[in-house]
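Student: Residue strings, one per chain:
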Amino acid sequence: MKFSFNLLQSFFEKKVENPKKVLQALTFHSFEVVGMEKRGNDFIFDIDVLPNRTDCYSHYGLAREIAAICGLKIKEKRIKIKEDKNLKIDDFVLVKVKEGCERYSARLLFNVKVKESPRWLKQILINCGIEPINNVVDIANYVMIETGQPLHAFDFEKIEGGEIFVRFAKKGEKIVTFDGKEYELDEDILVISDVKKPLAIAGIKGGRDSGISKNTKIVLLESANFDPLIIKKASQKLNLFTEAAFRFSHGLDPNLTEIALNTAVYYFNNLYGKDGIKFAKGIIDHYKKKALTRRIGLDWKKVESVLGERITKNEILKILKSLGFKINKNFIVEIPTFRKDISLQEDLIEEIGRIYGYEQIKPKIPLSLLSPPKRNDELFWEKFIKDTLVSFGLTEVYNYSFVSQDDVDYFYQKDLIEIENPASSSYKFLRPSLLPGLLKNIQKNQALFSDIKIFEIGKVFKQQKEYKEEKKMIGAILMGDKFFEAKGIVDSLLKSMGITSFYFKPLDEKKFAERSIIWNPLRSAHIIIDGKNIGTLGEVFGTIIEKRKIKDKVVYLELDFERLARLATEEKEYEPFSLYPAIVRDISVFVPHDELVENVMNLIENSGGNLIRDIELFDIYEDEKENKKSLAFHLIFQLEDRAVSPEEVDFTMKKIIENLEKNSNFEVRKQ
Amino acid sequence: MPKINLKLFEQETIHQLKKCQNIKELDNLFKEIFSKEGELKKISKIIPTLPPLEKKEFGKEFGRVKNVLLKEFERKKNELKEKFEKEKREKERLDVTIPPPKILRGHFHPITLARKKIEEIFQSMGFEIVEGPEIEDEWHTFDALNIPPYHPARDVLSLGKTFYLKGGGIMRTHTSSVQIRYMEKNNPPFRIIVPGRVYRLDEIDASHEIDFWQLEGLMVGKDVSVANFKAIAGEFLKRFFEKEVKMRLRPSYFPFTEPSFEVDISCVMCKGKGCQTCKRSGWLECGGAGMVHPQVFKNCKLNPKEWQGFAFGFGINRLVMVKHRIPDIRLFNSGDLRFITQF
Chain A
1 MKFSFNLLQS FFEKKVENPK KVLQALTFHS FEVVGMEKRG NDFIFDIDVL
51 PNRTDCYSHY GLAREIAAIC GLKIKEKRIK IKEDKNLKID DFVLVKVKEG
101 CERYSARLLF NVKVKESPRW LKQILINCGI EPINNVVDIA NYVMIETGQP
151 LHAFDFEKIE GGEIFVRFAK KGEKIVTFDG KEYELDEDIL VISDVKKPLA
201 IAGIKGGRDS GISKNTKIVL LESANFDPLI IKKASQKLNL FTEAAFRFSH
251 GLDPNLTEIA LNTAVYYFNN LYGKDGIKFA KGIIDHYKKK ALTRRIGLDW
301 KKVESVLGER ITKNEILKIL KSLGFKINKN FIVEIPTFRK DISLQEDLIE
351 EIGRIYGYEQ IKPKIPLSLL SPPKRNDELF WEKFIKDTLV SFGLTEVYNY
401 SFVSQDDVDY FYQKDLIEIE NPASSSYKFL RPSLLPGLLK NIQKNQALFS
451 DIKIFEIGKV FKQQKEYKEE KKMIGAILMG DKFFEAKGIV DSLLKSMGIT
501 SFYFKPLDEK KFAERSIIWN PLRSAHIIID GKNIGTLGEV FGTIIEKRKI
551 KDKVVYLELD FERLARLATE EKEYEPFSLY PAIVRDISVF VPHDELVENV
601 MNLIENSGGN LIRDIELFDI YEDEKENKKS LAFHLIFQLE DRAVSPEEVD
651 FTMKKIIENL EKNSNFEVRK Q
Chain B
1001 MPKINLKLFE QETIHQLKKC QNIKELDNLF KEIFSKEGEL KKISKIIPTL
1051 PPLEKKEFGK EFGRVKNVLL KEFERKKNEL KEKFEKEKRE KERLDVTIPP
1101 PKILRGHFHP ITLARKKIEE IFQSMGFEIV EGPEIEDEWH TFDALNIPPY
1151 HPARDVLSLG KTFYLKGGGI MRTHTSSVQI RYMEKNNPPF RIIVPGRVYR
1201 LDEIDASHEI DFWQLEGLMV GKDVSVANFK AIAGEFLKRF FEKEVKMRLR
1251 PSYFPFTEPS FEVDISCVMC KGKGCQTCKR SGWLECGGAG MVHPQVFKNC
1301 KLNPKEWQGF AFGFGINRLV MVKHRIPDIR LFNSGDLRFI TQF
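Respectively, the protein sequence lines represent chains A and B.
Residue 437 in the working numbering sits at position 437 of the first sequence, with consecutive numbering throughout.
Count along the second sequence from 1, then add 1000; that gives the number in the working numbering.
What the hints contain is simulated information worked out from the structure, not anything from laboratory work.
No residue lacks a Cβ here, since even glycine has one placed at the ideal position from N, Cα and C.
Check the hints yourself; a few may be wrong.
[As the list claims (entries may be wrong)] Residues from chain A that face chain B, not an exhaustive set, calculated with beta carbons under 7 Å: (1) Ser30; (2) Ile365; (3) Ile417.
[Unchecked claim] 25 Å max Cα-Cα, derived PhoX-like pairs, lysine-lysine: (4) A:Lys364 <-> B:Lys1246; (5) A:Lys237 <-> B:Lys1166; (6) A:Lys98 <-> A:Lys15; (7) A:Lys21 <-> B:Lys1298; (8) B:Lys1077 <-> A:Lys364; (9) B:Lys1019 <-> B:Lys1102; (10) A:Lys428 <-> B:Lys1166; (11) A:Lys290 <-> A:Lys340; (12) A:Lys301 <-> B:Lys1222; (13) B:Lys1102 <-> B:Lys1086; (14) A:Lys487 <-> A:Lys428; (15) B:Lys1166 <-> A:Lys472; (16) B:Lys1166 <-> A:Lys471; (17) B:Lys1298 <-> A:Lys340; (18) A:Lys362 <-> B:Lys1271; (19) B:Lys1298 <-> A:Lys301; (20) B:Lys1116 <-> A:Lys459; (21) B:Lys1088 <-> B:Lys1041; (22) A:Lys374 <-> B:Lys1185; (23) A:Lys340 <-> A:Lys318; (24) A:Lys340 <-> A:Lys321; (25) B:Lys1166 <-> A:Lys374; (26) B:Lys1271 <-> B:Lys1117; (27) A:Lys340 <-> B:Lys1246; (28) A:Lys2 <-> A:Lys14; (29) A:Lys21 <-> A:Lys73; (30) A:Lys21 <-> B:Lys1279; (31) A:Lys233 <-> B:Lys1161; (32) A:Lys96 <-> A:Lys217; (33) B:Lys1076 <-> B:Lys1024; (34) A:Lys362 <-> B:Lys1222; (35) B:Lys1185 <-> A:Lys38; (36) B:Lys1102 <-> A:Lys487; (37) A:Lys313 <-> A:Lys362.
When you get a sec, could you build the whole thing from the sequences and use the hints?
Tutor: Next up, the structure:
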């Protein structure tokens, strides 16, 4: 909000020399100063007045605030009004307030001559960001920036029947505003009307037909206090945001209306008294429930407890008085009506704190008993997983939770959660998976980096029947033909989390075809724990890759973080290892191309019994001509309680070979 | 009978021995001298043929020469061995100036690194780390925080910049919603921090994001004060930036705190002298804070006469940008490895 330093000056008893000092005090005790600009002989302040401090939406209010924080005195203006005894306002106007208006005041001005305003007045308006229009409107606006109360001037002769109503509009009622735009109104919009038609959208904008024109002679000056909520809603509904609407929707002191009217009359009289302007006797004033000062009890011990700083009673009294509050012996504080923001003891504590100065409060480490914080297990494992993946050479990325239609065209569409008001079409849905983001990362980085391995841990979102689900997932992507590296990552990661009872199962094609088609089912696997799928890894379908112009194969792995975190354990128990020597034998076997290695290993293990401690696959050779593959294993024979004899191993090897060759498609290579 | 000059033989042999360049040559020479058909054997055969007087003399001299040569051979052998070892070692010398192969290392996202640091600092001060949902309802995001519909603060605090979801629900605009969720379920005293993603409808540019990170803090007890906040926040900022930073509080307004303030820190670039980053003010905005509003306690079924405390909300992206001099907030969600691999 813009303020003229010269206008502020006019309220102080003594002139303030240095505007910078004032601004610094404002910053530390009241409001943020956005800027200061020299214009002619004036300084224009740009100040972010806090939205609850409507008392400072005016030069007078801000001057009062500056006086409090800088220890200055305010000069009270005495306003005397010469009314014309022969022109009684009640003989001309009748106002009926139906709803939405706490106070409606008005005065009637005769012999008005509409013309241009004097230069000094126009200049102050321009400096404060208001466009001068004519002397009547300009004085109304000038009074608004001085007092904070928006005024509206009607051409009285355009009001039919001399009756004015404050009421909600009827559905379909129309009004053309001052700037020539037509608005269709409804029952949520408050209007000022005469017997026939709306004259103005209450508190927002005046109508063209009832506005001030060159020919206006009689002016009805309205000074009202409208319900903030009604004005706010109407302003949003009509998409019409005016200076008056802004002020009304923040809530104003109803006691301002009369002060503002009289201030306006004072200026009209000063400027145009010689021209014969006359003011009707009396004032229209609908003010059913007078706003009274509030009383709040203040416990000065509470002040010390909340601020954590001992401030003397005298100091507290001084601060409250400087703000215009009255305090009695029992520390009952009386709050003037213009401070609508103060209704609780805590509000008073804030006043004391900020005027005293937050910079004066000395930091104190809390002395409460130190109870150690509870560990957040999920976050512990999240960190653990990130540490592990980074140690495996993967780099962490963060992607938007929002994705575009193109990003998710291969996902099951009915699960997607759509944003009602997206920032742009690129951010239309909540991501159903971490894959779309990771693919974008690959696409973006492939020209500059080879061997890209990245991961993200973050929320994914899905529309369930009854609710919207959000789930934390781990997603990792490896560029290249790296299924087994990805599998190794899963294997090592899960084991490091103390999870051992998992296995990999070829992808269930049918189950996946119904939903999202991400992975090539012939080159992908489920990760199973206790019969449940906790993740999937495999090659992303070529069509998806090609569409995103990715130059190589891509392996994507996805794990349900929340389930993994529940299964993970830090408990590790020492297992004694055998003190007896091991005997290692190799075996190699030809099996059909489509035979699962796991089956062969299981067969060996079952034939070997407890003598076999471990089986390691050390070579695979694919013989495409024969449609066979050769598997070579190290078999490690070892017992915990005694040494294994070579004869036992020979016997077991024989049994293994026999069992393998029971399958006519298997052929053990003889050494 | 040839006259044998043992002296000459000794000199000749030593001369040859000195010429040996390696163990093999030395071994060959040794064999020439000491083997069964060697020179010494040949000489020794002469001894019986000598007259008795000379025999004794010659035998004595022969013994001496033999011993001398054995010692010389041993000495030469050691010398050559040492030379050989030294040459062998010399061949193994590494050129340590050769550039190393690239070791592929993973990198953490800078937000993760900041979160680790933040969480570590607050945990050491007794704060529990709490998370909450990103899809929220209006009660936890606005109403419970004393921001009813059409409240002017919804616009001013840019909380009106809310993403609405089709079929109901909103994306949280601040992590303060987790304050409410925590207070609904727990009884004071408590101290928590909530690091999390928040979402605001905005035009994305170098300093505005729609999807960014916030750090919420809440400490409630019988006598938790503004002075306590200053101590905790000051300690956090000092440890986060790993240098002395000044902190200042300016009056502000949030519906959910009373008193409310803005938290500024002295510019870490120019140490408060004024530079481009701090727009010549010497100060950087860090976030908002205040004492929990009594109505917020009431909304969580806690008695405001019994409890008081502070809450704060800092922007994590902003803290990281200041710390690492990152000029553009869009880098965080860019997935650009040229950015991430710097951390």
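Student: Does each hint fit the structure? Answer for all of them.
Tutor: Comparing the hints with the structure gives:
no. : hint                    : in the structure
1   : Ser30                   : holds, 6 Å
2   : Ile365                  : holds, 5 Å
3   : Ile417                  : holds, 6 Å
4   : A:Lys364 <-> B:Lys1246  : holds, 15 Å
5   : A:Lys237 <-> B:Lys1166  : holds, 21 Å
6   : A:Lys98 <-> A:Lys15     : violated, 46 Å
7   : A:Lys21 <-> B:Lys1298   : violated, 41 Å
8   : B:Lys1077 <-> A:Lys364  : violated, 81 Å
9   : B:Lys1019 <-> B:Lys1102 : violated, 50 Å
10  : A:Lys428 <-> B:Lys1166  : holds, 11 Å
11  : A:Lys290 <-> A:Lys340   : holds, 14 Å
12  : A:Lys301 <-> B:Lys1222  : holds, 13 Å
13  : B:Lys1102 <-> B:Lys1086 : violated, 33 Å
14  : A:Lys487 <-> A:Lys428   : violated, 33 Å
15  : B:Lys1166 <-> A:Lys472  : holds, 21 Å
16  : B:Lys1166 <-> A:Lys471  : holds, 19 Å
17  : B:Lys1298 <-> A:Lys340  : holds, 21 Å
18  : A:Lys362 <-> B:Lys1271  : holds, 22 Å
19  : B:Lys1298 <-> A:Lys301  : holds, 22 Å
20  : B:Lys1116 <-> A:Lys459  : holds, 19 Å
21  : B:Lys1088 <-> B:Lys1041 : violated, 36 Å
22  : A:Lys374 <-> B:Lys1185  : holds, 15 Å
23  : A:Lys340 <-> A:Lys318   : holds, 21 Å
24  : A:Lys340 <-> A:Lys321   : holds, 17 Å
25  : B:Lys1166 <-> A:Lys374  : violated, 37 Å
26  : B:Lys1271 <-> B:Lys1117 : holds, 22 Å
27  : A:Lys340 <-> B:Lys1246  : violated, 34 Å
28  : A:Lys2 <-> A:Lys14      : holds, 22 Å
29  : A:Lys21 <-> A:Lys73     : holds, 16 Å
30  : A:Lys21 <-> B:Lys1279   : holds, 19 Å
31  : A:Lys233 <-> B:Lys1161  : holds, 17 Å
32  : A:Lys96 <-> A:Lys217    : holds, 24 Å
33  : B:Lys1076 <-> B:Lys1024 : holds, 12 Å
34  : A:Lys362 <-> B:Lys1222  : holds, 19 Å
35  : B:Lys1185 <-> A:Lys38   : violated, 55 Å
36  : B:Lys1102 <-> A:Lys487  : holds, 24 Å
37  : A:Lys313 <-> A:Lys362   : holds, 18 Å
Against the hints set out earlier in the document, violations occur for numbers 6, 7, 8, 9, 13, 14, 21, 25, 27 and 35.
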